[in-house]
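2 protein chains.
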Amino acid sequence: MAPSRKNTIPAATVPRLSQYLRKLQEIQSRGTTTISSRQLADEVGTNPAQIRKDLSYFGEFGIRGVGYDVDRLIEELKKCLGLNRSWNVIIVGSGKLGTALALYRGFQKQGFNLIGMFDADSAVVGTDRGAGPVLSINKLEKFLNEHEVHIAVVTTPSSVAQEVIDRLVAAGVPSILNFAPIRAHKDKSVILRQVDLSTELMTLSFYLDK
Amino acid sequence: MAPSRKNTIPAATVPRLSQYLRKLQEIQSRGTTTISSRQLADEVGTNPAQIRKDLSYFGEFGIRGVGYDVDRLIEELKKCLGLNRSWNVIIVGSGKLGTALALYRGFQKQGFNLIGMFDADSAVVGTDRGAGPVLSINKLEKFLNEHEVHIAVVTTPSSVAQEVIDRLVAAGVPSILNFAPIRAHKDKSVILRQVDLSTELMTLSFYLDK
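Residue numbers (the numbering used here), protein chains in the order written: chain A, 67 to 276; chain B, 67 to 276.
FYI, nobody ran anything at the bench for these hints, they're computed from the structure. It should be emphasised that the depicted structure is a prediction, and the values quoted were computed from it without experimental measurement. One or more hints might be untrue.
Where chains are identical, the list cannot tell them apart; a pair therefore holds if satisfied intra-copy or between any two copies.
Said to hold, decoys possible - Straight-line C-alpha distance at most 25 Å; calculated DSS-like pairs for lysine-lysine:
(1) LYS119 with LYS205
(2) LYS252 with LYS145
(3) LYS205 with LYS145
(4) LYS175 with LYS205
(5) LYS119 with LYS252
(6) LYS145 with LYS208
(7) LYS252 with LYS144
(8) LYS119 with LYS175
(9) LYS254 with LYS89
(10) LYS89 with LYS205
(11) LYS252 with LYS89
(12) LYS208 with LYS89
(13) LYS208 with LYS175
(14) LYS144 with LYS205
(15) LYS175 with LYS254
(16) LYS119 with LYS208
(17) LYS144 with LYS208
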């Protein structure tokens with residue numbers, strides 16, 4: 067996919083593309099080779115027009131009356147999402163959430179290599195929380211200097227999250243996934259995503275409150 | 067807000083409304099009383115047209131050239147998101163992720179009351195993982211019969227997640243937030259949301275891969 071084309075994809079479309087990919091991988095594993103926009107829409111719980119619009123951003127390879135070739139669509143989505151290569155990931159904060167994430171199996175499957183885990187608590191340093199021995203946060207800059215880290219996952223307490231993010235940014239980490247419930251500030255060049263559990267709960271309450 | 071009006075809000079808009087709410091609560095705590103769509107857009111990282119469109123779904127109370135009244139907008143958003151009341155929440159699965167969620171402070175602040183936590187492991191039952199003594203999963207139906215539970219958070223291993231969801235649905239729990247990486251099936255009347263960490267990672271890799 068040409069970068070110019072990729073730049074036209076709206077931010078809101080990207081998470082949906084990743085949902086389509088995972089759904090298609092499931093469909094592929096069931097042996098299905100072709101799928102219509104309606105079938106895919108039913109599987110992911112959206113409407114066919116949305117599917118057609120989202121997929122139109124990166125090529126016209128659905129065939130009217132036949133549908134999409136599952137293998138080819140998976141390849142295109144992986145290419146588009148940057149998943150036809152691997153990414154190095156670290157986790158900063160080896161508490162319960164950090165450990166839960168380190169043990170999460172979805173990581174490796176899609177090409178995300180967990181190469182290090184950091185904590186400030188000296189009692190925890192050296193223990194294995196799912197990603198090999200936990201390293202001291204004091205060694206963060208040294209590690210980042212010696213390893214190419216593409217994504218840092220921040221699961222520290224809120225009180226230190228901004229300081230950790232600043233250090234990651236200063237050391238050149240290009241993207242951060244922050245779970246600490248703070249409004250994190252960062253340099254414009256850094257990609258930061260915030261996982262917010264209250265958004266999920268509020269979305270449920272929106273639908274509950276009829 | 068009239069229910070008929072609420073029903074016109076598209077699904078994709080709801081998570082954004084919750085982001086606006088949290089941002090506005092922050093802005094309110096800084097003592098700001100009025101905000102333009104441009105200022106709010108800058109704060110949440112979107113564009114003013116998106117803000118105006120999203121907020122138009124539930125009333126025309128922005129004043130051209132002046133902006134939105136922060137207090138009033140917060141009230142309207144809370145009403146719209148069903149946050150002007152409280153919701154009872156349980157967590158099923160008291161492993162690392164479940165415990166991390168139980169200890170998460172954002173819950174209570176927005177009106178979500180964590181009233182119980184369940185696990186299948188008898189070694190864990192009776193211990194406190196952040197939400198009072200963990201109850202045996204065998205007591206799930208009895209508990210649901212005796213308490214009104216609005217939201218069940220599922221953080222069990224994947225292998226048992228569907229069974230747990232089926233039991234919650236059968237017992238009448240109206241909404242489920244599932245963290246287990248499975249494609250959960252459910253009754254049409256039940257609201258189910260899936261938190262998927264691989265979607266977050268894939269979104270980062272989309273932007274990294276330029």
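Verification of the hints:
1. LYS119 with LYS205: Neither: 46 Å inside a chain and 47 Å across chains, both beyond 25 Å.
2. LYS252 with LYS145: Neither: 28 Å inside a copy, 32 Å across copies.
3. LYS205 with LYS145: neither (34 Å within a copy, 47 Å between copies)
4. LYS175 with LYS205: Classified as neither; 28 Å inside a copy, 35 Å across copies.
5. LYS119 with LYS252: Cα proximity of LYS119 and LYS252: none, with 32 Å in one copy and 27 Å across.
6. LYS145 with LYS208: neither (32 Å within a copy, 49 Å between copies)
7. LYS252 with LYS144: Neither, since 28 Å and 29 Å both go past 25 Å.
8. LYS119 with LYS175: Cα proximity of LYS119 and LYS175: none, with 28 Å in one copy and 38 Å across.
9. LYS254 with LYS89: between (33 Å within a copy, 19 Å between copies)
10. LYS89 with LYS205: Classified as neither: same-chain Cα gap 40 Å, cross-chain 34 Å, threshold 25 Å.
11. LYS252 with LYS89: Between copies only: 17 Å across, 33 Å inside.
12. LYS208 with LYS89: neither (40 Å within a copy, 35 Å between copies)
13. LYS208 with LYS175: neither (28 Å within a copy, 39 Å between copies)
14. LYS144 with LYS205: neither (34 Å within a copy, 44 Å between copies)
15. LYS175 with LYS254: neither (30 Å within a copy, 30 Å between copies)
16. LYS119 with LYS208: neither (45 Å within a copy, 47 Å between copies)
17. LYS144 with LYS208: neither (32 Å within a copy, 46 Å between copies)
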